[in-house]
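Peer 1: Listed here are the chains, written in short residue letters.
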Amino acid sequence: IQLTQSPSSLSASIGDRVTITCRASRDINNVLAWYQQKPGKAPNLLISGASNLQSGVPPRFSGSGFGTDFTLTISSLQPEDIASYYCQQLISYPLTFGGGTKVEIK
Amino acid sequence: EVQLSDSGGGLVKPGGSLRLSCAASGFSFTTFAMAWVRQAPGQGLEWVSSISGDGGNTYYVDSVRGRFTVSRDNSKDILYLEMNSLRAEDTAVYFCARVHVVAIDAWGQGTLVTVSS
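Protein chains in written order, with my numbering: chain L, 1 to 106; chain D, 107 to 223.
Think of the hints as simulated: they come from the structure by calculation, not from any bench.
You may find that some hints are simply not true.
Counterexamples of contact, computed for chain D against chain L with all Cβ distances above 10 Å [to be verified]: (1) 125; (2) 131; (3) 133; (4) 141; (5) 146; (6) 150; (7) 152; (8) 156; (9) 165; (10) 168; (11) 173; (12) 175; (13) 193; (14) 206; (15) 210; (16) 214.
Some chain D residues near chain L, calculated using beta-carbon distances under 8 Å [said to hold, decoys possible]: (17) 153; (18) 167; (19) 195; (20) 201; (21) 208; (22) 213.
Since the model is a prediction, treat every value here as computed from it, not as a measurement.
Beta carbons: idealized from backbone N, C-alpha and C, even for Gly.
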């Protein structure tokens with residue numbers, strides 16, 4: 001299953017609403033996770049099951065979608081959100097990640 | 107506190123071998139499937155391999171199947187990745203990871219493997 005993330009990079013201002021999309025090559029139900037990775041660090045789980053926010057993750061992050069089309073939204077971009085974001089499907093092997101989205105401050 | 111500590115990376119020549127280890131603590135190791143995920147320099151994440159909690163089922167990405175072997179010692183709470191016939195394209199930071207149902211919810215700090223002559 002291929003995951004196509006877009007955009008590959010974006011530049012936004014503090015306070016902006018940011019949307020990242022992830023499209024699967026076939027139906028994956030809601031078995032999709034989103035991760036945040038800061039430079040030099042391991043990834044951190046933000047959302048599982050397409051829309052379940054992990055404990056400790058700020059509520060400005062949200063996920064939606066089902067089937068083949070998914071979205072990660074940051075409702076109000078903060079400086080600490082500068083990172084790369086990845087989606088991952090875990091419904092079947094080989095597990096696959098999207099290509100990533102690098103979020104920068106304008 | 108859940109902790110995963112990767113080790114074993116280093117510089118190896120093409121065709122060489124290396125064994126990565128991941129020591130787990132803070133949770134019931136046998137309850138969870140585990141995985142290895144790698145990241146080549148400046149690139150995205152790539153799932154490499156997974157193993158079930160009892161070690162009975164293993165899975166690999168096509169590019170490493172037949173060269174890499176994932177295993178676990180549930181008596182010591184350690185995950186392994188034996189890497190043989192290493193290629194330049196295997197150069198990456200390798201992360202061990204805990205799989206919780208439908209997500210990877212814990213990651214090691216990563217260990218760098220460099221394959222170069």
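Peer 1: Against this structure, judge whether each hint is valid.
Peer 2: Do the hints match the structure? See the list:
1. 125: Holds, since 20 Å exceeds 10 Å.
2. 131: Fine: 16 Å to the nearest Cβ keeps residue 131 of chain D off the interface.
3. 133: For residue 133 of chain D, whose nearest Cβ neighbour in chain L is about 15 Å away, the distance exceeds 10 Å, so it holds.
4. 141: Answer for residue 141 of chain D: violated, closest chain L Cβ roughly 7 Å.
5. 146: holds, 12 Å
6. 150: The assertion about residue 150 of chain D is violated, with a minimum of 4 Å to chain L.
7. 152: Label violated. Min Cβ-Cβ 7 Å, cutoff 10 Å.
8. 156: violated, 7 Å
9. 165: violated, 5 Å
10. 168: Violated, since 7 Å does not exceed 10 Å.
11. 173: holds, 15 Å
12. 175: Non-interface label stands for residue 175 of chain D: nearest chain L Cβ at 16 Å, farther than 10 Å.
13. 193: holds, 18 Å
14. 206: Check fails; 8 Å does not lie beyond 10 Å.
15. 210: violated, 6 Å
16. 214: violated, 7 Å
17. 153: At 4 Å from the nearest chain L Cβ, residue 153 of chain D passes the 8 Å test, so the hint holds.
18. 167: With a closest approach of 5 Å, the residue 167 of chain D hint holds.
19. 195: violated, 16 Å
20. 201: holds, 6 Å
21. 208: Status holds, d = 5 Å.
22. 213: holds, 4 Å
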